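*Asks:* Sequence:
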Amino acid sequence: MVEANELFHEMNSRGIQADEVMYTVLIDGYCKSGEMKKAFLLHNQMVQIRLTPNVVTYTALADGLSKLWEVETTKRASS
Numbered sequence: 001m002v003e004a005n006e007l008f009h010e011m012n013s014r015g016i017q018a019d020e021v022m023y024t025v026l027i028d029g030y031c032k033s034g035e036m037k038k039a040f041l042l043h044n045q046m047v048q049i050r051l052t053p054n055v056v057t058y059t060a061l062a063d064g065l066s067k068l069w070e071v072e073t074t075k076r077a078s079s
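In UniProt numbering, the protein residues as written are 1 to 79.
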């Protein structure tokens, strides 16, 4: 995710606007790595620049939240 984030910022610094696909790929990566706060920050940024999240974007976020919920539930059950 570090390299993907660096590429994302480099693109922006060169004036290359990321599209819905790029945002969704990053959001999905953050969700898969359990970094939900970063995923939602990107989602919010996406909406602010008037890009429309699609079903793939929301599926990635839902998946990430589901996994986070499973981890939290497991932690509580084992304590």
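FYI, nobody ran anything at the bench for these hints, they're computed from the structure. Where hints are given, some of them may not hold.
[Claimed, not checked] Straight line, CA to CA, 30 Å or less: simulated DSBU-like cross-link-like pairs of lysine-lysine:
id : residue 1 : residue 2
1  : Lys38     : Lys75
2  : Lys32     : Lys67
3  : Lys38     : Lys67
4  : Lys75     : Lys32
[As the list claims (entries may be wrong)] Using C-beta positions, here's what the derived DEER-type ranges look like:
id : residue 1 : residue 2 : range
5  : Gly15     : Ala77     : 26 to 36 Å
6  : Ser79     : Thr52     : 40 to 50 Å
7  : Val56     : Glu3      : 13 to 23 Å
8  : Val71     : Met1      : 12 to 22 Å
9  : Asn12     : Asn54     : 12 to 22 Å
10 : Glu20     : Thr73     : 13 to 23 Å
11 : Ile49     : Ala4      : 13 to 23 Å
12 : Lys37     : Thr59     : 28 to 38 Å
13 : Ala62     : Met11     : 36 to 46 Å
All of these numbers come straight from a predicted model, not from anything done at the bench. All residues carry an ideal CB built from backbone N, CA and C; glycine is no exception.
*Asks:* Hints first: check each against the structure and report whether it holds.
*Replies:* Going down the list of hints, with the structure as the test:
Taking the CA atoms of lysine 38 and lysine 75, the gap is about 22 Å. The hint holds against a cut of 30 Å. About 9 Å separates the Cα atoms of lysine 32 and lysine 67, which keeps this hinted pair within 30 Å; it holds. With a CA separation close to 15 Å, the supplied pair lysine 38 and lysine 67 stays within the 30 Å bound. Of the pairs offered as hints, the one joining lysine 75 and lysine 32 holds, with about 19 Å between alpha carbons and a cut-off of 30 Å not exceeded.
Separated by about 50 Å at the C-beta atoms, glycine 15 and alanine 77 break the suggested range of 26 to 36 Å. For the pair serine 79 and threonine 52, the beta carbons lie near 41 Å from each other, so the given range of 40 to 50 Å is met. Checking the proposed 13 to 23 Å range against valine 56 and glutamate 3 shows it holds: the Cβ atoms sit about 21 Å from each other. A C-beta distance of roughly 18 Å is found between valine 71 and methionine 1, which places it inside the suggested range of 12 to 22 Å.
Separated by about 21 Å at the C-beta atoms, asparagine 12 and asparagine 54 satisfy the suggested range of 12 to 22 Å. For the hinted restraint 13 to 23 Å between glutamate 20 and threonine 73, the CB-CB distance of approximately 32 Å leaves it violated. At about 18 Å, the CB distance of isoleucine 49 to alanine 4 agrees with the hint of 13 to 23 Å. About 19 Å separates the C-beta atoms of lysine 37 and threonine 59, a value inconsistent with the hinted range of 28 to 38 Å.
A hinted range of 36 to 46 Å for the beta carbons of alanine 62 and methionine 11 is inconsistent with their spacing of about 27 Å.
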